[in-house]
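J.: Each chain, letter by letter, is given below.
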Amino acid sequence: MSFNKLKQTVLGLIAVSLLLVSGVVSAGYGDTLNLIEGVTPTSQKVYELHMIILYIVTIIGIAVFGVMCWSIYHHRKSRGVTPATFHHSTAAEITWTIIPILILVAMAIPATKTLIFMEKTGDAEMTLKVTGYQWKWKYDYMEEGISFFSALHPDHNEVRKQGSGLDPNSVDNYLLDVDNPIVLPINTKIRIVTTAADVIHAWWVPALGWKRDAIPGFINDNWTYIEEPGVYRGQCAELCGRDHGFMPIVINAVSKEEYVAWVEEKKAEQEAAAASASKTFTKDELMSKGEQIYGTQCVACHQGEGQGIEGMFPALVNSAITTGPAADHIDIVLNGKNLMPAFKEQLNDADLAAVITFERNKWGNYESTTGNGHTDVVQPADIKAAR
Amino acid sequence: MSEAVIHDHDSHDDHHDHKPTGIGRWLFSTNHKDIGTMYLVFALIMFFIGGAMAMVIRLELFQPGMQYVDPQFFNSMTTVHALVMIFGALMPAGVGLANWMIPIMIGAPDMAMPRMNNMSFWILPFAFTLLLSTFFMAGGAPAGGWTMYPPLVLQLDHGFPFLIFAVHFLGISSIMGAINIIATVFNMRAPGMTFMRLPLFVWTWIITAFLLIASMPVLAGAVTMLLTDKYFGTAFFNAAGGGDPVMFQHVFWFFGHPEVYILVLPSFGVISQIIPTFSRKPLFGYASMVYATASIAFLSFFVWAHHMFTVGMPLTGELFFMYATMSIAVPTGVKIFNWMATMWKGAMTFETPMLFAIGVLFMFSIGGFSGLMMGITPVDFQYHDTYFIVAHFHYVIVPGIIFGIIGGVYFWLPKWTGHMYDETLGKWHFWLSTISVNILFFPMHFVGLAGMPRRIPDYNVQFTDWNQIISLGGFAFGLSQLIFVWVIIKCVRGGEKATDQVWEGAHGLEWTLPSPPPFHSFTTPPQVTDATAHS
Numbered sequence: 068m069s070f071n072k073l074k075q076t077v078l079g080l081i082a083v084s085l086l087l088v089s090g091v092v093s094a095g096y097g098d099t100l101n102l103i104e105g106v107t108p109t110s111q112k113v114y115e116l117h118m119i120i121l122y123i124v125t126i127i128g129i130a131v132f133g134v135m136c137w138s139i140y141h142h143r144k145s146r147g148v149t150p151a152t153f154h155h156s157t158a159a160e161i162t163w164t165i166i167p168i169l170i171l172v173a174m175a176i177p178a179t180k181t182l183i184f185m186e187k188t189g190d191a192e193m194t195l196k197v198t199g200y201q202w203k204w205k206y207d208y209m210e211e212g213i214s215f216f217s218a219l220h221p222d223h224n225e226v227r228k229q230g231s232g233l234d235p236n237s238v239d240n241y242l243l244d245v246d247n248p249i250v251l252p253i254n255t256k257i258r259i260v261t262t263a264a265d266v267i268h269a270w271w272v273p274a275l276g277w278k279r280d281a282i283p284g285f286i287n288d289n290w291t292y293i294e295e296p297g298v299y300r301g302q303c304a305e306l307c308g309r310d311h312g313f314m315p316i317v318i319n320a321v322s323k324e325e326y327v328a329w330v331e332e333k334k335a336e337q338e339a340a341a342a343s344a345s346k347t348f349t350k351d352e353l354m355s356k357g358e359q360i361y362g363t364q365c366v367a368c369h370q371g372e373g374q375g376i377e378g379m380f381p382a383l384v385n386s387a388i389t390t391g392p393a394a395d396h397i398d399i400v401l402n403g404k405n406l407m408p409a410f411k412e413q414l415n416d417a418d419l420a421a422v423i424t425f426e427r428n429k430w431g432n433y434e435s436t437t438g439n440g441h442t443d444v445v446q447p448a449d450i451k452a453a454r
Numbered sequence: 315m316s317e318a319v320i321h322d323h324d325s326h327d328d329h330h331d332h333k334p335t336g337i338g339r340w341l342f343s344t345n346h347k348d349i350g351t352m353y354l355v356f357a358l359i360m361f362f363i364g365g366a367m368a369m370v371i372r373l374e375l376f377q378p379g380m381q382y383v384d385p386q387f388f389n390s391m392t393t394v395h396a397l398v399m400i401f402g403a404l405m406p407a408g409v410g411l412a413n414w415m416i417p418i419m420i421g422a423p424d425m426a427m428p429r430m431n432n433m434s435f436w437i438l439p440f441a442f443t444l445l446l447s448t449f450f451m452a453g454g455a456p457a458g459g460w461t462m463y464p465p466l467v468l469q470l471d472h473g474f475p476f477l478i479f480a481v482h483f484l485g486i487s488s489i490m491g492a493i494n495i496i497a498t499v500f501n502m503r504a505p506g507m508t509f510m511r512l513p514l515f516v517w518t519w520i521i522t523a524f525l526l527i528a529s530m531p532v533l534a535g536a537v538t539m540l541l542t543d544k545y546f547g548t549a550f551f552n553a554a555g556g557g558d559p560v561m562f563q564h565v566f567w568f569f570g571h572p573e574v575y576i577l578v579l580p581s582f583g584v585i586s587q588i589i590p591t592f593s594r595k596p597l598f599g600y601a602s603m604v605y606a607t608a609s610i611a612f613l614s615f616f617v618w619a620h621h622m623f624t625v626g627m628p629l630t631g632e633l634f635f636m637y638a639t640m641s642i643a644v645p646t647g648v649k650i651f652n653w654m655a656t657m658w659k660g661a662m663t664f665e666t667p668m669l670f671a672i673g674v675l676f677m678f679s680i681g682g683f684s685g686l687m688m689g690i691t692p693v694d695f696q697y698h699d700t701y702f703i704v705a706h707f708h709y710v711i712v713p714g715i716i717f718g719i720i721g722g723v724y725f726w727l728p729k730w731t732g733h734m735y736d737e738t739l740g741k742w743h744f745w746l747s748t749i750s751v752n753i754l755f756f757p758m759h760f761v762g763l764a765g766m767p768r769r770i771p772d773y774n775v776q777f778t779d780w781n782q783i784i785s786l787g788g789f790a791f792g793l794s795q796l797i798f799v800w801v802i803i804k805c806v807r808g809g810e811k812a813t814d815q816v817w818e819g820a821h822g823l824e825w826t827l828p829s830p831p832p833f834h835s836f837t838t839p840p841q842v843t844d845a846t847a848h849s
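Protein chains in written order, with our numbering: chain A, 68 to 454; chain B, 315 to 849.
Heads up, some of the hints might be wrong.
[Unchecked claim] Calculated lysine-lysine pairs in the DSSO-like style (CA-CA distance at most 27 Å, straight line):
(1) A:K404 - A:K333
(2) A:K451 - A:K205
(3) B:K333 - A:K404
(4) A:K228 - A:K256
(5) A:K323 - A:K205
(6) A:K196 - A:K404
(7) A:K346 - A:K411
(8) B:K649 - A:K228
(9) A:K180 - A:K256
(10) A:K144 - B:K544
(11) A:K411 - A:K334
(12) A:K323 - A:K196
(13) A:K144 - B:K811
(14) B:K659 - A:K144
(15) A:K228 - A:K196
(16) A:K411 - B:K659
(17) A:K346 - A:K451
(18) A:K356 - A:K429
[As the list claims (entries may be wrong)] A few chain A positions that, by computed beta-carbon distances, are all more than 12 Å from chain B:
(19) L116
(20) E210
(21) A263
(22) E295
(23) S355
(24) Q413
(25) L414
(26) Q446
[Claimed, not checked] One-sided excerpt, in silico: chain B residues whose CB lies under 7 Å from chain A:
(27) Q469
(28) A528
(29) G660
(30) M687
(31) E810
In case anyone wonders, no lab produced these hints; they're calculated from the structure. From a predicted model like this one, the values you see are computed outputs, not experimental measurements. Cβ atoms here follow ideal geometry from the backbone N, Cα and C, with glycine treated the same way.
Generate coordinates for the entire structure from the input sequences, incorporating the hints supplied.
T.: Next comes the structure, spelled out in structure tokens:
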């Protein structure tokens, strides 16, 4: 192919790709192109600042690229020009040092104002503590005493498994839905403190206008003021291990009255859970509850059939832990080991008893050890004693 | 040693251009040209290994849902892709160009410390064997990101010490390379080759070498602390023992930001040679180019925390790092404007090296603009750790740095081999790379702004269309690089004979040597005057 033909092909390709982009935009993908404005005073200030800077750099870009293209077109040897010989100009060099400095100062002023605004964390009406875990979030409502974990919705967890054969379009908000959403009141200044239990995570809901790292052993201070009721979704933004992509955040922002009602309901739920810790359950009760907990807490590593992943996550089928003494099993689940997280803060006694019972009976683990004195049922009282 | 012996040795080389033969020529080489060639070939191999990992990443991200790899392996791919590309492809390519060109640009017979030169190259294959062997170990390859943030990196199993020692080796290699370059330029310039007559490529490399010496030991210190935290009970980065995981990030980025300039400055140097040559006009503002490069290098030590605005710093810290980051735009702008002014009223032709250099001007600027946007702290809280940053640094690295290096290879290939490369294939390589690299990286700005975090193996369905376009761009870019290999092999094997000057507008000592230059060149130093100095 001659070079002229190549040039034509290139121009054709550029035209096609421009058409493609404009087609994508006009087909209603506008919301996948830019930052969202969000629903807080901060997010709106950030959005405005983003647009100002975007316009400034676009204008500079057009000017600089325009001059370059003009020069490339006109100052070609093939047009028979003779090259000039100049090699410096103090005036020009001073000009293109001073002008960028002025533009930068103009950009720094609104940026500084916004940053100062964002750092005013005082006068909050309530505090939400966010703790990152591998790979879920724990939320503590400091004033109300409410505390719960929030992980990827179990349906999504099924879909996202390798080779699940399930279509991500079959669930709503794929990978952006959780089992327990956060409920927050609108028109309330909320202090949000972030920290982590194991590795560094980052808590990010784009509609709030910021993200902040959750660092083990340290607490970061932030605030928000949501102006519109709605559901706002986000994700962990700092690489935190295997399932970093699978720990979403969902905020359900409601009116203050609805929030108060939710708080009452949640408190009653927690009291019922506390009461169950001193109860004795039947094996069937423990098994069905355990299966549910296994599906949210354990399946990511130990896999659906307890087979684990070779070289990384041990199998639970016929393993020394699941077929050995119950005390060792309880110990490793409570306190963790290497990559295995410690669950003693994450689950209550009843849940731990259920999931351990489930693991000790499922996949033929009980049958393979019948007659060896293998304990098949673990009760909340056993967990309490081991803590 | 007696005069007679030296004389005898010299005349021997001059008359026969004696080359060692066989594998020993390469294993025991002390010749800057051979070592330069080995660096460049090594970099090319690592470019394809790192590229293959990028292809795995783009394959998995072609559609939502997990199709091909486990999330842990996906994380290994992103982590090792970065380590291989930065330490295996970009840095050795830059050192390879320096090894080949600096002695013949300044009129020196070889590098100042030829044996150390051999060692600094041969460390690399061992270091990468250590690193890549972790794929076959229990716990797999590093998967905590190339930035190795604790505590996550400490969860790596058997691969951990291999990662740490690989980084140590790479650091030793780089420091030795840097010392050698400084010693060569400071001591072995030909008579009349004053500092302000050095070709700009040599200047950018002196500054890069100082950056390496100042920053690599910091990285070595940081990873050593990781090692003792994991195995020897220290708690540098563990809050429970009085340490701080964020301190690692401060130390790492104190290395990491100068590292960005270690990668980019040699590429700036290359295009500062190419643009005047094909514009047939001297470089505009030589002195201000030198000062701008030095200012960028100096400022690069005061901006590190812009990589970590979201860790929760005091307001004053955030303001300081925002202003310092924005200020880097000024000397960088000066460089872009100087290159434009060099082209202005020249008589340009557009051979492949010039095309790649112009590609750098356009696309590095795009990376510069997004960099400026991210320097604005309050909006960086939104951009941070999304595909917007992935778009930014890939614009800087691929069409910024890699295009510069590729341009340099096309520029000097006729000098190295004595043959002209295939110009038509070169132009195909440029145009296919340029189109595909933009299809690959431009849409990343969109998905990043729309809320797609980086380093995730699966995503919400709203990002599907852009990710498919990005992946197709990625595959096209990967395939286009095979043309480059083809051009190089073809050129080494034969082709139109290159003249000594090669390019009509080329000036400088390297173009006074035959193409290819003799195995030992400038054994008698040339005399440099203003007329024969840099273009």
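J.: Please write out, lowest number first, the hints stated earlier that are contradicted by the structure.
T.: 1, 3, 4, 8, 10, 15, 16, 19, 21, 28, 31
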